[in-house]
Amino acid sequence: LAGGNLAMANQGTSLGISSTVQVRASLASDPDYISRGKLRGTPPNFSLGAGDNEVAQQLADAFGTNFSFTAIANGPPSTATTLGGYAGTILSFNAAGATVAKDAYDFQNFFFQDLSNKQAADAGVNLDEELSNMVIYQNAYNAAARMVQAADELFDTLVNLV
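With positions in the sequence shown counted from 1, the corresponding number in the working numbering is that position plus 579.
Possibly wrong hints are sitting among the right ones.
Said to hold, decoys possible - Pair by pair, the computed Cβ-Cβ distance ranges are: (1) GLU708 with PHE672: 52 to 62 Å; (2) ALA683 with SER647: 25 to 35 Å; (3) ASP640 with ALA607: 29 to 39 Å; (4) ASP735 with SER695: 31 to 41 Å.
Said to hold, decoys possible - Derived SDA-like pairs (lysine to any residue); straight-line CA-CA distance at most 25 Å: (5) LYS681 with ASP693; (6) LYS697 with ASP707; (7) LYS681 with SER671; (8) LYS697 with SER711; (9) LYS681 with PHE691; (10) LYS697 with GLU708; (11) LYS697 with ASP685; (12) LYS681 with LEU670; (13) LYS681 with GLU708; (14) LYS697 with GLN687; (15) LYS697 with ASN718; (16) LYS681 with ASP707; (17) LYS697 with GLY676; (18) LYS697 with ASN712; (19) LYS681 with ILE669; (20) LYS697 with ILE715; (21) LYS697 with ASP682; (22) LYS681 with ALA652; (23) LYS681 with GLY667; (24) LYS681 with ALA666; (25) LYS681 with THR668; (26) LYS681 with ALA700; (27) LYS681 with PRO655; (28) LYS681 with PRO656; (29) LYS697 with VAL714; (30) LYS681 with GLY654.
No lab work stands behind these hints: they were computed from the structure.
This structure is a prediction, so every number in the text was calculated from the model and none was measured.
For each residue, glycine too, the CB sits at the ideal point set by N, CA and C.
Could you put together the complete structure from these sequences and hints?
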């Protein structure tokens with residue numbers, strides 16, 4: 580039990596109710612004491628006949644009876660069937676919905692991956708193009724450096740003439 584509390588008084592040092600669960604000796608020796616029916620009479624004089632299975636039979640009959648189930652918003656349509664049949668209807672409706680949701684997710688995931696790949700391709704660096712641009716800029720820099728050097732030599736020559 581949560582918190583380590585004793586489940587019931589006088590159970591000794593063992594914690595939890597599972598260590599104290601037992602079949603009562605009178606039930607083990609005579610299974611006719613197990614209730615399968617309903618109490619009859621008025622308080623305090625109740626009686627239950629041995630072997631009475633009225634409640635168990637009513638429960639079994641309820642599972643074989645057709646019930647009308649109304650339609651649920653965003654759920655299965657209205658139908659008349661047994662409890663087990665309606666459970667099957669709910670399961671098949673949910674399975675179909677799960678399949679539709681999975682297919683929609685797969686499509687959206689594929690679409691997202693495709694767009695991501697296209698964006699990466701458009702925004703990506705083309706190494707060949709970048710290398711050729713670098714060579715062009717390097718040649719332009721070298722040409723500009725030669726012009727500066729030629730202008731420097733020209734000014735030196737002009738200054739020395741005077």
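Okay, the hints, checked on the actual structure:
Hint check: GLU708 to PHE672, Cβ distance near 56 Å, so the stated range 52 to 62 Å holds. For the hinted restraint 25 to 35 Å between ALA683 and SER647, the CB-CB distance of approximately 33 Å keeps it satisfied. Checked against the given bound of 29 to 39 Å, the beta carbons of ASP640 and ALA607, roughly 30 Å apart, stay inside it. The beta-carbon spacing between ASP735 and SER695, approximately 60 Å, falls outside the hinted interval of 31 to 41 Å.
At roughly 18 Å between alpha-carbon atoms, LYS681 and ASP693 fall within 25 Å of each other, so this suggested pair holds. At most 25 Å may separate the alpha-carbon atoms for a hinted pair to count; LYS697 and ASP707 meet this at roughly 19 Å. A hinted pair counts as satisfied when its Cα atoms are at most 25 Å apart, and LYS681 with SER671 qualifies at roughly 15 Å. With a C-alpha separation of about 24 Å, the suggested pairing of LYS697 with SER711 holds against the 25 Å cut-off.
For the suggested pair LYS681 and PHE691, the alpha carbons sit about 15 Å apart, so the restraint of at most 25 Å is met. Our distance criterion of 25 Å between C-alpha atoms is met by LYS697 and GLU708, whose separation comes to about 19 Å. The hinted pair formed by LYS697 and ASP685 meets the criterion: a straight-line CA distance of about 18 Å does not exceed 25 Å. Pair hint LYS681 plus LEU670 holds up; C-alpha atoms about 16 Å apart against a cutoff of 25 Å.
With a C-alpha separation of about 42 Å, the suggested pairing of LYS681 with GLU708 is violated against the 25 Å cut-off. Between LYS697 and GLN687 the alpha-carbon distance is near 15 Å, which keeps this suggested pair within the 25 Å criterion. The hinted pair formed by LYS697 and ASN718 fails the criterion: a straight-line CA distance of about 34 Å is larger than 25 Å. Distance check on the hinted pair: LYS681 and ASP707 sit about 42 Å apart at the alpha-carbon level, beyond 25 Å; violated.
Of the pairs offered as hints, the one joining LYS697 and GLY676 is violated, with about 32 Å between alpha carbons and a cut-off of 25 Å exceeded. The hinted pair formed by LYS697 and ASN712 meets the criterion: a straight-line CA distance of about 24 Å does not exceed 25 Å. Only pairs whose Cα atoms come within 25 Å are accepted, and LYS681 paired with ILE669 is accepted, the gap being roughly 18 Å. With a C-alpha separation of about 29 Å, the suggested pairing of LYS697 with ILE715 is violated against the 25 Å cut-off.
The hinted pair formed by LYS697 and ASP682 meets the criterion: a straight-line CA distance of about 23 Å does not exceed 25 Å. Between LYS681 and ALA652 the CA atoms are separated by roughly 21 Å; this keeps the pair inside 25 Å, and the hint holds. At most 25 Å may separate the alpha-carbon atoms for a hinted pair to count; LYS681 and GLY667 meet this at roughly 21 Å. Under the criterion of a C-alpha separation no larger than 25 Å, the hint pairing LYS681 with ALA666 is consistent with the structure, at around 22 Å.
A C-alpha spacing of about 20 Å is found between LYS681 and THR668, which places the hinted pair at or below 25 Å, so the restraint holds. Of the supplied pair hints, the one linking LYS681 and ALA700 is violated, its CA atoms being roughly 28 Å apart against a limit of 25 Å. For the hint linking LYS681 to PRO655, the alpha-carbon distance of about 19 Å falls within 25 Å, and the restraint holds. In summary, the hint linking LYS681 to PRO656 is supported, as the alpha carbons are separated by about 22 Å, within the 25 Å threshold.
For the hint linking LYS697 to VAL714, the alpha-carbon distance of about 28 Å lies beyond 25 Å, and the restraint is violated. Between LYS681 and GLY654 the alpha-carbon distance is near 18 Å, which keeps this suggested pair within the 25 Å criterion.
The structure fails to meet hints 4, 13, 15, 16, 17, 20, 26, 29 from the earlier list, while all remaining hints are met.
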